[in-house]
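Number of protein chains: 2
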Amino acid sequence: MLTIYHYWFCPFSRKVRIALQEKGVEFEMKLEMTWQRRPEFLARNPAGNVPVLVNDDPQQTICGAYAIAEYIDEKYAEPGLIGETAEERAETRRLVEWFDDKFHREVTSLIVNEKVMKSFLKRGTPEAANIRYAGQNIKHHLKYIEYLTDRRNWLAGNDFTFADISAAAHLSCVDYLGDVPWQHFEKAKDWYARVKSRPSFKAILQDKIAGLAPSAHYRNLDF
Amino acid sequence: MLTIYHYWFCPFSRKVRIALQEKGVEFEMKLEMTWQRRPEFLARNPAGNVPVLVNDDPQQTICGAYAIAEYIDEKYAEPGLIGETAEERAETRRLVEWFDDKFHREVTSLIVNEKVMKSFLKRGTPEAANIRYAGQNIKHHLKYIEYLTDRRNWLAGNDFTFADISAAAHLSCVDYLGDVPWQHFEKAKDWYARVKSRPSFKAILQDKIAGLAPSAHYRNLDF
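Line order of the protein sequences matches chains A and W. Just so you know, the first sequence maps onto residues 1 to 223 in my numbering. Just so you know, the second sequence maps onto residues 1 to 223 in my numbering.
It is possible that part of the hints are untrue.
Note: identical chains are not told apart, hence a pair may lie in one copy or across any two.
As the list claims (entries may be wrong) - For lysine to any residue, the following SDA-like pairs were computed, each having C-alpha atoms within a straight-line distance of at most 25 Å:
1) K23 / E186
2) K118 / H104
3) K118 / G211
4) K23 / R198
5) K75 / E87
6) K143 / T34
7) K75 / T61
8) K122 / E87
9) K187 / P58
10) K23 / A43
11) K102 / E40
12) K23 / S119
13) K118 / N130
14) K30 / E127
15) K23 / A86
16) K102 / G48
17) K139 / E40
18) K187 / F223
19) K75 / A86
20) K30 / E87
21) K102 / T61
22) K75 / F160
23) K30 / E146
24) K187 / L42
25) K122 / A213
Everything labelled a hint here was simulated from the structure, so no lab data went into it.
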C-alpha cells in the first residue's frame with residue numbers, strides 16, 4: 001500500500017493525489033502539519049516538506065513533488081502522464097515547472113500564506129498588498145491557459161498530462177478560497193470544468209478543511 | 001548543434017552546461033540577459049527565464065532546468081546522471097529539488113540578488129540582513145553535504161549524478177563571490193574538490209564575469 005503525507009492546502013500534495021487516481025493506484029493519506037517539525041517525519045524527509053510518498057512493498061520513501069511525479073510515471077506506466085516523444089515530454093515538464101514554480105511563487109504561495117497560514121499559525125494579519133498582487137498575477141496565468149487551450153486539447157498537447165494536473169492542483173487551492181476570477185476567463189473555466197469532471201479529481205472537490213468552508217462554487221462541476 | 005541560452009550567475013544554466021559536458025555533447029552558449037525581456041527570447045520561452053536549450057536537428061526548444069535535465073538524460077543516455085533503480089532515481093531527484101528549490105531559496109537567490117543583481121541592475125543597495133541570513137543557511141546545507149558524503153561516494157549514492165551537479169552549480173555561484181565558508185567544512189570541501197577536478201567542471205571554473213573578479217580560490221583545484 002502507498003501512503004501520502006500531505007496537507008490540505010499543499011498544491012504539490014494535491015498533484016500527487018490526482019496523479020495516483022489517474023493511474024488507478026490505491027493509497028492512504030496522512031495529514032502532516034509540517035510546521036510542527038515532528039522528528040519522525042523529519043527522519044523520513046529531512047527537507048521537512050510534503051508530499052512524501054511511502055511505499056511499503058518494497059519499502060521505499062520518496063520525497064518531494066518532482067521525485068514522486070517521475071516515480072509514479074515510471075512505476076505505473078499506464079496511462080502515461082508525461083508524454084511519448086521527447087518533444088511532448090519536454091513540453092509537459094516545461095508547463096509543470098511553469099505552475100509548480102512560477103504560478104506557485106506568483107499566486108498560490110501568496111494567497112495561501114496570507115489567507116490561510118497566517119491566521120492558522122497566528123503569524124500576523126494578512127497583507128492586502130500581497131493578495132492584490134497575486135490577484136493581478138493570476139489573470140496572466142489564466143490568459144496563458146486560454147492561449148494554450150485555444151491551440152490544444154489539453155495544456156501540453158492532445159493528452160491529459162502532469163501539466164494539467166499541476167495547473168489544476170494549484171488552481172484548486174486558490175479556488176477553494178474563491179480567488180479565481182473565472183467570470184472573466186470563460187475558456188480557462190471550460191478547461192477547468194473538464195478537469196473537475198474527471199474521476200481523479202473527485203476527492204479533491206470533496207476536501208473540507210476544518211473551520212474553513214470552500215467557496216460556493218468549489219465543488220460544482222457546472223460553476 | 002545545441003545552443004544554451006544562459007547567464008553567468010544562473011545556477012540552473014550552470015547545471016545544464018555541466019551535464020552536457022558529462023555526456024560529451026557539444027554545445028554553444030548564448031548570453032541572455034533575461035531582465036531585458038527580448039521579444040525574440042520570450043517567443044522561445046514565454047516564462048522568460050533561462051536555461052533554454054535549442055536543438056537545431058531536429059529543431060526543438062526545451063525550456064527550464066527540469067525539462068532540460070530530464071531531456072538530456074533521456075536523449076544522451078550514457079553516462080546516466082539520474083540512476084538505474086527506482087530508489088536511486090528518486091534519491092537523485094529528491095536532492096536535485098533540495099538544491100534547486102531549498103538551497104536556491106535559502107542561499108543562492110539571496111546572495112546573487114543582493115551582491116550582484118542589485119548593483120548590476122541598479123536596484124538599490126544590498127541588504128546586509130539577507131546576506132547574513134544566507135550565510136547562516138549555507139552552513140546547514142554544507143553540514144548536510146557532509147552527512148551525505150560520510151555515508152556515500154557521491155551525494156545520491158555510488159555514482160556522480162544530477163544531485164552533485166545541482167549542488168555544485170549552486171555552490172559555484174556562491175563560491176565565485178567568496179561566500180562559502182569552506183574552512184569550517186573540510187569534508188564538504190573534499191567533495192567539492194572532487195567535483196572541481198572533473199573535466200565537465202573546467203569551463204565553469206574559467207567563467208569570468210565582466211567587472212566582477214572571482215574569489216581568490218574560485219579556480220583552484222587545491223583550495
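Run the structure past the numbered hints and jot down the numbers of the failing ones, going up. Per hint list: 1, 8, 9, 10, 12, 14, 23 violated.
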